[in-house]
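Those protein sequences? They're chains A and B, same order as listed.
Each residue of the first sequence is one higher than the one before, counting from 1 in my numbering.
Each residue of the second sequence is one higher than the one before, counting from 1 in my numbering.
If you're looking for bench data, these hints aren't it; they were derived computationally from the structure.
Do not take every clue at face value.
[Claimed, not checked] Here are the simulated distance ranges between beta carbons:
| no. | chain 1 | residue 1 | chain 2 | residue 2 | range |
| --- | --- | --- | --- | --- | --- |
| 1 | A | 10 | B | 122 | 30 to 36 Å |
| 2 | B | 37 | A | 73 | 43 to 49 Å |
| 3 | B | 17 | A | 13 | 55 to 61 Å |
| 4 | A | 11 | B | 17 | 50 to 56 Å |
All of these numbers come straight from a predicted model, not from anything done at the bench.
All C-beta atoms, glycine included, are put in the ideal place defined by N, C-alpha and C.
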Amino acid sequence: MSTPENPSVPDTDFEVEIASTGQVFPIPAGQSVLHTLMFEGFDIPFACEEGVCGSCLTGVKSGEVDHRDHYLTPEEQAANTQFMPCCSRARSAKLVLDL
Amino acid sequence: MFIQNTWYVACQSHELTDKPLGRTICNQRIAFFRGLDNQPAAVQDFCPHRGAPLSLGKVCEGKLVCGYHGLEMGCDGKTVAMPGQRVRGFAPVKKFAVLERYGFVWVWPGDADLADESTMPVFEWFDNPHWAYGGGLYHIACDYRLMVDNLMDLTHETYVHATSIGQLEIDETPCKTTVDGDKVVTSRFMENIKAPPFWQMALRANDLPDDQLVDRWQICRFTPPSHVLIEVGVALAGKGGYQAAPEHKAYSVVVDFITPETDTSIHYFWGMVRQFKPNDQALTEQIRQGQGGIFAEDMQMLEQQQQNLLANPDRSLLMLNIDTGGVQSRRVIDRLLAQEQAASAQKVTA
């Protein structure tokens, strides 16, 4: 998904790490963090799956987020402490999530 | 198929109060409401949240508040706010260009960016103290072009309106149709005839005798997309007919704004303007009641004609000499439709 903030940025592969357990999951291009974590058994609330509703908001402990949502304000996005795993991705090789 | 990039009457100004008005025009469900400063606005009648009709909501501080979960829609089709939600990413709905003029709210069902106020027709009689207008609105379940046919061939008056404006001389007097660009004019002039009941009433109202022979005229003018204005009147016989001085005649203009609702239904804004006794409001109401009664007589005919046509789609119809006005009007509509479709196809491929 491209957004006004991120016009036509291509998806890349990256990893997410679960801070509480140390588990690491690969996120291939074309697959969302939300879907990967749901498949792995994490219960993350969601509704719109396109960065509008804010239901899946998840904390970020480290790594640089590639924000692609319409929910967070530009200031909140710049703070890099939370993201929408349904549509947003990573600019860094890994994101450590507050889960 | 409708011409979309043009102005249609959406409603009478008094219909659009402090509540929203839901109305389908050219197959599009539209929510009309008054924004700040009482200015009319129109958006797709579809809440971006769950598809509820916005017109079932209410207007609050110039915004249209959805009656289902409180989404606040702005005049521009963008969500302004919603309780407990961040609305920045909400998809907009289509906004329609509207303007209020002549006691009506007009809508441009097509591309709002193409809406051109300068193409609004100019009517000298509205907002003019020398003229009086009275009219109403009927919903009729027929193709808008059947209503155009009806108004461009007034021989039906003899049969549908036999007790008010009909008379055999209409059938017996040939009509003449001319086409000038997008305008079609069908006219008929009758001389030395008896005035039918409606015109006897009008003569009396204008302080003229109702028992003398008259010259009668009907000049039907079609203009796109589907307006038909008909100059009608009677003058005491031998006084010059259509050209007679005002003191010898009773005359008016029948104003018909036909707005397609669906392929087989219309909002029919009918009315009449007159120059005699323009300040006599009781007369305006009397004429309005009379015209309303007469025009209601067309509804059953048009609706059952539409049912016949739907049940017999392959049946070809006769086009007689009395049908030239309708035939030519349909040619104008078809030509403008083709132009609009060609322009739209060009835009898509560009």
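Hints, one by one, checked against the model:
Checking the proposed 30 to 36 Å range against residue 10/A and residue 122/B shows it is violated: the Cβ atoms sit about 55 Å from each other. Hint check: residue 37/B to residue 73/A, Cβ distance near 31 Å, so the stated range 43 to 49 Å is violated. Our hint of 55 to 61 Å for residue 17/B and residue 13/A holds, since their Cβ atoms are close to 59 Å apart. Distance hint check: the CB atoms of residue 11/A and residue 17/B are about 51 Å apart, consistent with the given range 50 to 56 Å.
In summary, the numbered hints that this structure violates are 1, 2.
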